[in-house]
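Respectively, the protein sequence lines represent chains F and S. Just so you know, we're using the numbering used here here: the first sequence kicks off at 1 and counts up by one. Just so you know, we're using the numbering used here here: the second sequence kicks off at 405 and counts up by one.
Just so you know, not all the hints are guaranteed correct.
Estimated spans, in silico, between C-beta atoms of each pair [said to hold, decoys possible]:
#1 Leu345/F <-> Asn441/S: 29 to 39 Å
#2 Arg501/S <-> Ala60/F: 24 to 34 Å
#3 Arg501/S <-> Gly53/F: 34 to 44 Å
#4 Gly341/F <-> Arg501/S: 49 to 59 Å
#5 Arg501/S <-> Ala145/F: 20 to 30 Å
#6 Phe37/F <-> Gly658/S: 29 to 39 Å
#7 Met615/S <-> Leu330/F: 26 to 36 Å
Calculated from the structure, these hints are not laboratory results. No residue lacks a Cβ here, since even glycine has one placed at the ideal position from N, Cα and C.
What follows is the residue order along each chain.
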Amino acid sequence: MHPVETANNPLFEAFKALCNGLADPRLSFLLAAVGLFVMLRFRRQVFNWWVGGLVLILEAVVILIGLKDPNFHLIVAKPDNVPITIMLFLTTITFWLAMVQAVENERRAEQKLPPAEKETSQSKTWVWPDLLYIEFIALIIVSVALILWAIYLRAPLEEPANPSATPNPSKAPWYFLGLQEMLVYYDPWYAGVVLPLIIIAGLCAIPYIDNNPKGNGYYTFSERKFAITSFLFGYLALWVFMIITGTFLRGPGWNFFGPFEYWDPHKVVALNNVNVSDYVWVVFFPKIYRATHIEWFNQGLPNVQNVIWQLVPPSMENTVAFFHEVGQALKREFAGILFLGFYFLALPGALAKTWLKKFYENTDVIRYSVLVMLVLTMGTLPLKMVCRWLFNLKYFVDTPWIKF
Amino acid sequence: MLKSLKESDFGAQVKKSIFRVGIPNTDRKRVLIVLGNVFLHLHPTKVRTSGVKLRYTWCAGGLSFFLFLVLTLTGVLLMFYYRPTVEGAYVDMLDIRSQVPFGIMRELHRWSAHAMVIMVMVHMFRVFMTGSYKPPREFNWVIGVILLVLTFLLSFTGYLLPWDQLAIWAITVGSNMAKAHPLVGAGGPFSDFLQIGGVPLVHPGSDARFMLLGAKEIGGTTLLRFYVLHCVGIPLGAAVLMAVHFWRIRKDGGISGPL
Ligand code: HEM
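The shape of chain F in the complex, shown without the other chains (with noise of 0.2 Å):
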C-alpha cells in the first residue's frame, strides 16, 4: 500500500469520489431498483456474452483498482468480508446465467420451439457414470478451491470477548445484515421478530400462492413476469444490496461511510426524524396542536385532574389508563392510520381491477390475498426508505406498543 503516492494521482482520487457518491444508500438502491427493472425490460441486449462478461470485468477491476487505496483495503480484505465479495460476484454470475436461458427460450418460444431443456429432458442418463463424473469433478475443484483459501486466508480471531468494551460498529453476521439495516426503519419486533417470520412464511408459501403452470423445470422469464419480478426485487435489491450495504457501506454508529471513506467513528449525523402525526399536527393544523399537544402528545398516565378520572375504582385504574392512551394514541396518529388502512385494505382491491387483474381472475380470495399481503410488506421497506430519504419520515404510526 502506498497511501501517499495515490493520494496525489488525480485521477484516482476522481474515482474515488465518484465510487462514494454512487454508492450513496439514497443512489445506489435507486439504481440497483431501477436498473434490475430496466434489465428486466431490455433482457434481450442486456443477457448476452458481451454485458455479461463485461460487468464481471468491471466489477473486478473496480474492486482491484480500489484495494490501492487504504480505507477501501481495510474492508473488503477482512478475513470475514471476502465470503461477500465472492457472493457479489456469484450472484452477478447466477444471474446472468439463468437469464440468458431464459432469454434463449424466449427466443425459442418465438420460433415455436419448446425450452431447450426439452431437447434432452426426455432421454435419461446413467448416474454410473456420467452423472457421478460431473459430482466428482464438481468436488475437486470445490476442494482444492476451499484447501486454496485455506492456506492462503488465516480465520479472523478479535481480542479475547469483553462484555465491557462495546465495538463500534457492532454487527451481525453477515446473513443478518439485512434484518440489522431493517431497524434503521421499523421498530425492533417488526425488524427482528415480525418481519424475519413474514419472509419465513411468505417464501414457504410462493409454491401454494403461484398457481401459474408455465414455467416448471425450465428457464424463463416472459411466462412468469410477476413472479420473477417481484422475487428478484426481493432478493437482489433487497437482500443482498442490504447484505452488500451492510457489511462495506456501515461504519461506526451505523452510519453511511462511502466504500473509500475512513470509518470516523466521530461522525455526527443529525437525527431530526419526525413521525407522520408530527407532520399532520403541526402542519395542518396548527391551532389544535398548540392547543392541545400537552394532554395528546404526552404519551402516560392522563391528567389527574380530570373529573371524572377521580370516580373510577382505584383497581381499574391501570386499566382505564390503559384505554385512555389508546384512545389518545387513535387520535394522534388518526393520519397515519388511515393511510395504513388504505395501503393494506383498500390497495388490494384496487389492485384487483388493474395490475393483478389476471392474477386475481385466475385465482381464489385466499391466494389473491396472501400474495398481496406479501407483495405490499414487502412494499413498506423501499417505501419508508424513500419516505426516510425523501421527508426524514420515522414512523407512519408511533404507539407505545405498535411502531410502523
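Got chain F; can you put chain S with the ligand on it based on the hints?
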C-alpha cells in the same frame, strides 16, 4: 507356489465382498452398483438428461450437501481440541492455530461455512428461476426453506464459539432481537400485560432472550448452549431434513424438467 499365487481368488473375493459387482461395464452392473451402494443409492440409476446439465442446476444443491459433509468432518476434528468454556474457548482457538498439526482445520471449517450459506442461497435462487417449486415439488420447496433457516442458525451458533470480540458482539446484536419479541420479550410490546397480581411474568430474567442465552447477558451458559446446538442439535435436524429433501426429489419425479 507361484502358480497357486496366480490362481488364488483372494483379491477377487475381497473386491467382490466390498463392491458386490465387478467393474460396471454392462448396463446391468451400472444399475446394480448404484442400487447396491448405500451412498450412491441416494441417486436413482438413471436421471433425466436435462437435469444433469451443469447449466441447469449449477450443481448448487449438490455442493450445498458436499459443504455440509466437509463441515461435519472438519467440525468433528475441531471438537477434539475445543472446550466450550469461558476459560478454555479462546485459548483453544490459539492452540488450534499454532499447536495442532495441519493447522488449517479452523480455516476450512469457517470458509466452508460461509460458502455453504452462499451456496444454499444460490441453490434456492436456481430452484426459483427454473420454477421447480411448482407441483408436484411444492412441499420440497418448503423443506428447503426450513433447511435455509437451519443453515443460517448453524452458522449463527458457530459464530459465538471462538469467544473473541467478533463473536460475542455479533451474537449480542443478533440475540437482542429476541428481546423485542412481543409478549415474550422483556423489551417488546405487550410484555407488561403478562402479570399475576402485579408481578410481571416477563422480565430480563425470564424472557425469550434469557431462554436463548441461558442468562441475562452472554456468558458461559450461552457458550455451552450454542455449542450443543451447533454440534448436535441443529446438524441432526438438518441431516434429517436433508434425507427427507433427497427422498422427496426422487418421489416427486426426479430433478425437474419440461415434460
Ligand atoms: C442445506 C440445504 C440444501 C441442500 C443440501 C439441498 C440439496 C438439494 C439437491 C442435491 C437437489 C438436487 C438438484 C440440485 O442439485 O439442484 C435439490 C433439489 C431441490 N431443492 Fe434443495 N437443498 C437445500 C436447500 C434448499 C432450499 C433452501 C430450497 C428452496 C427454498 C430447496 C428446494 C429444492 C427443490 C424444490 C428441489 C427440486 C428441484 C428440481 O427438481 O429441479 N432446497 N436440493
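Could you work out which of the previously given hints the structure breaks and list their numbers from low to high? 1
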